[in-house]
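Student: Take a look at the letters that make up each chain.
Number of protein chains: 2
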Amino acid sequence: MLIQEYFKTRTDLLEKALDSYLSPATEYPHELHESMRYSVFSGGKRLRPILFFGTYEMLIGRKNINRLERLLPAACALELVHTASLIHDDLPSVDNSHERRGMPSNHIKFGTPTAILAGDALITKAIEILTELKNKTIAIQCIRIITKAMSTRGMIGGQAVDILSAKKKININTLRYIHLKKTGALLQAAVEMACVIHDAEENVAITLGNFALNIGLAYQIVDDILDEVGSFEVLGKEPGEDSRNNKATYPALIGLEKAKKTAEKLLRDSYNLIKNMKNNDVLIEYVNMIKDRLP
Amino acid sequence: MLIQEYFKTRTDLLEKALDSYLSPATEYPHELHESMRYSVFSGGKRLRPILFFGTYEMLIGRKNINRLERLLPAACALELVHTASLIHDDLPSVDNSHERRGMPSNHIKFGTPTAILAGDALITKAIEILTELKNKTIAIQCIRIITKAMSTRGMIGGQAVDILSAKKKININTLRYIHLKKTGALLQAAVEMACVIHDAEENVAITLGNFALNIGLAYQIVDDILDEVGSFEVLGKEPGEDSRNNKATYPALIGLEKAKKTAEKLLRDSYNLIKNMKNNDVLIEYVNMIKDRLP
Chain A
200 MLIQEYFKTR TDLLEKALDS YLSPATEYPH ELHESMRYSV FSGGKRLRPI
250 LFFGTYEMLI GRKNINRLER LLPAACALEL VHTASLIHDD LPSVDNSHER
300 RGMPSNHIKF GTPTAILAGD ALITKAIEIL TELKNKTIAI QCIRIITKAM
350 STRGMIGGQA VDILSAKKKI NINTLRYIHL KKTGALLQAA VEMACVIHDA
400 EENVAITLGN FALNIGLAYQ IVDDILDEVG SFEVLGKEPG EDSRNNKATY
450 PALIGLEKAK KTAEKLLRDS YNLIKNMKNN DVLIEYVNMI KDRLP
Chain B
200 MLIQEYFKTR TDLLEKALDS YLSPATEYPH ELHESMRYSV FSGGKRLRPI
250 LFFGTYEMLI GRKNINRLER LLPAACALEL VHTASLIHDD LPSVDNSHER
300 RGMPSNHIKF GTPTAILAGD ALITKAIEIL TELKNKTIAI QCIRIITKAM
350 STRGMIGGQA VDILSAKKKI NINTLRYIHL KKTGALLQAA VEMACVIHDA
400 EENVAITLGN FALNIGLAYQ IVDDILDEVG SFEVLGKEPG EDSRNNKATY
450 PALIGLEKAK KTAEKLLRDS YNLIKNMKNN DVLIEYVNMI KDRLP
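Sequences listed follow chains A and B, in order. Going by the numbering used here, the first sequence opens with residue 200, and the numbers climb by one from there. Going by the numbering used here, the second sequence opens with residue 200, and the numbers climb by one from there.
Hints are supplied without guarantee of correctness; some may be wrong.
Taking lysine-lysine pairs in the PhoX-like style, the calculated list, with each CA pair at most 20 Å apart, reads [stated by the list, open to error]:
1. Lys459/B <-> Lys446/B
2. Lys335/A <-> Lys477/B
3. Lys347/A <-> Lys335/A
4. Lys446/B <-> Lys366/B
5. Lys490/A <-> Lys474/A
6. Lys368/B <-> Lys474/B
7. Lys347/A <-> Lys333/B
8. Lys460/B <-> Lys490/B
9. Lys244/B <-> Lys215/B
10. Lys490/A <-> Lys459/A
11. Lys335/B <-> Lys335/A
12. Lys446/B <-> Lys367/B
13. Lys207/B <-> Lys262/B
14. Lys244/A <-> Lys490/A
15. Lys335/B <-> Lys347/B
16. Lys446/B <-> Lys457/B
17. Lys244/B <-> Lys347/A
18. Lys347/B <-> Lys333/A
19. Lys335/B <-> Lys333/A
20. Lys457/A <-> Lys490/A
21. Lys335/A <-> Lys333/B
22. Lys333/A <-> Lys333/B
23. Lys446/A <-> Lys457/A
24. Lys490/B <-> Lys457/B
In silico negatives: residues of chain A with every beta carbon more than 12 Å from chain B [claimed, not checked]:
25. Leu212
26. Lys244
27. Glu268
Since the hints were made in silico from the structure, they are not lab data. If you're wondering where the values come from, they're calculated on a predicted model, not measured in any experiment. Glycine included, each C-beta is placed from N, C-alpha and C at the ideal position.
Required output: the full structure, derived from the provided sequences and hints.
Tutor: The following block contains the structure:
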């Protein structure tokens, strides 16, 4: 199967499931449900759910879309939590981002109060659908994985340090922490869920967790680089936002060339972690996708 | 046992558990953990956890604090979700409340971005600790109950309609919806959790759920009345906030006298729902507490 076909078929499956889990915009309160759907269906690349599918299908040893049906609650939960974090990150008092994926951000379209509630509601919905996983033990494990990823030791912690560091001088270790937590934590949750569902050996789970953290960090460094030298088309928003918000970036702290080299090394390390695993083509595609974004 | 002693002992138990579940303020990121603790330990009356304890001890037929230890994740989750909702409700773009329980509200003390994240993190923590309930089936049921209470059909839905109704003329049915969802839903979750844990008969669970919704609505109507005729001491914040925010209230829509009569009738109905149950003294105290707030 061509990798493009893999992404297309799994994305289609996911989109249908997301649509079925979310209340229609015709349901009361209309504006809230419309706002949730607006951000969920705004052209996200579904990187976390597809990484989850790809890891699971690697572990079971073959690509079989029928085996993914029962895992849809986990896949959708990852995407909903990611979307919620983007809505709250974009808020005027946080990153004050007016655009996301080339469209007005949620609070620009629906107002700040509704955007805050839409984020809360998407987190709530993510947990609610995880309870639908048939096996109760696995459901509990997946809920633990996703709440750990979201927690003050995960995404929320990363975002907090990001906010508290604005307009301060921070060092590369703090920036690394922010990037790992803000992006790596949920990617790690995606592979952890696949490992738990497949009951993978612990050393495999640890290796895959490190793979996810590495590509997450690489992704963020590339994003930092694109914010400096990229275009609206590649970023989906105006570049230069980080410097306007006085945010530290890899290029600002260590220079553009060294930032590129760091990203490249992380991608090489990521590749090395999985290169000997069978059926690893989807995971390798993640490494390549990030490499291809490098200017 | 005197009812005051009941509240005191159960509150003490709860406070210790909340303290143990929340990360210390010395843990990184410090300000985020401090902000979470600030709102959790700002003198809340713990009405939802104590209602949960009281319902459970009514159902098992005797007061036994030792039986509550294993239920602490559920009790604490109720309080954390409640606290999260208060933090997000108080935000400048939402109710713009500067005070809560006689103290500066979370965003006044820690800034809006940290307050948004503290709310998100408390929701996350609530779910995380629910996974610690020993019995997996009960854990899943409790997570379903609390996510339903928080959802767009519960608290978040009520808050959304509240926001979207500001500066609009709304009728009494819409206001009733807002109050039931914003306050009733989580009180209902408290009794539902007790019923699920005790495996109560369905008709008992339905009756107790209605009791919780009734006292929730009564509580909100009394709050509306106090906002018009109460004092800072009773409310914990300046009265008159609703009219300053152009919010509909029961007194504004149906007059002060009729609002009082509606609250009194709800409290009578609540009492009638549980008056024939054995060991109902804690639940009756809830009816009396609300009655006592009526000016």
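Student: Work down the list of hints and note, for each, if the structure agrees.
Tutor: Outcome of the hint check:
1. Lys459/B <-> Lys446/B: 18 Å, holds
2. Lys335/A <-> Lys477/B: 34 Å, violated
3. Lys347/A <-> Lys335/A: 18 Å, holds
4. Lys446/B <-> Lys366/B: Holds, at about 7 Å.
5. Lys490/A <-> Lys474/A: Given pair Lys490/A, Lys474/A holds - Cα atoms ~16 Å apart, limit 20 Å.
6. Lys368/B <-> Lys474/B: 38 Å, violated
7. Lys347/A <-> Lys333/B: 19 Å, holds
8. Lys460/B <-> Lys490/B: 11 Å, holds
9. Lys244/B <-> Lys215/B: 15 Å, holds
10. Lys490/A <-> Lys459/A: 10 Å, holds
11. Lys335/B <-> Lys335/A: It holds: about 6 Å lies between the C-alpha atoms, which stays within 20 Å.
12. Lys446/B <-> Lys367/B: 8 Å, holds
13. Lys207/B <-> Lys262/B: 13 Å, holds
14. Lys244/A <-> Lys490/A: It holds: about 16 Å lies between the C-alpha atoms, which stays within 20 Å.
15. Lys335/B <-> Lys347/B: 18 Å, holds
16. Lys446/B <-> Lys457/B: Measuring from Cα to Cα gives roughly 18 Å; hence the hint holds.
17. Lys244/B <-> Lys347/A: Violated, at roughly 29 Å.
18. Lys347/B <-> Lys333/A: Satisfied, since the Cα-Cα distance of roughly 19 Å is no more than 20 Å.
19. Lys335/B <-> Lys333/A: Within the cut-off at roughly 12 Å; holds.
20. Lys457/A <-> Lys490/A: At roughly 15 Å apart (the allowed maximum being 20 Å), Lys490/A and Lys457/A satisfy the hint.
21. Lys335/A <-> Lys333/B: 12 Å, holds
22. Lys333/A <-> Lys333/B: With a Cα-Cα distance of about 18 Å, the restraint between Lys333/A and Lys333/B holds, given a limit of 20 Å.
23. Lys446/A <-> Lys457/A: It holds: about 18 Å lies between the C-alpha atoms, which stays within 20 Å.
24. Lys490/B <-> Lys457/B: It holds: about 15 Å lies between the C-alpha atoms, which stays within 20 Å.
25. Leu212: 24 Å, holds
26. Lys244: Consistent with the label, Lys244/A stays out of reach of chain B, its closest Cβ about 23 Å off (over 12 Å).
27. Glu268: Label holds. Min Cβ-Cβ 20 Å, cutoff 12 Å.
In terms of the numbered hints stated before, the structure departs from hints 2, 6 and 17, listed from lowest to highest.
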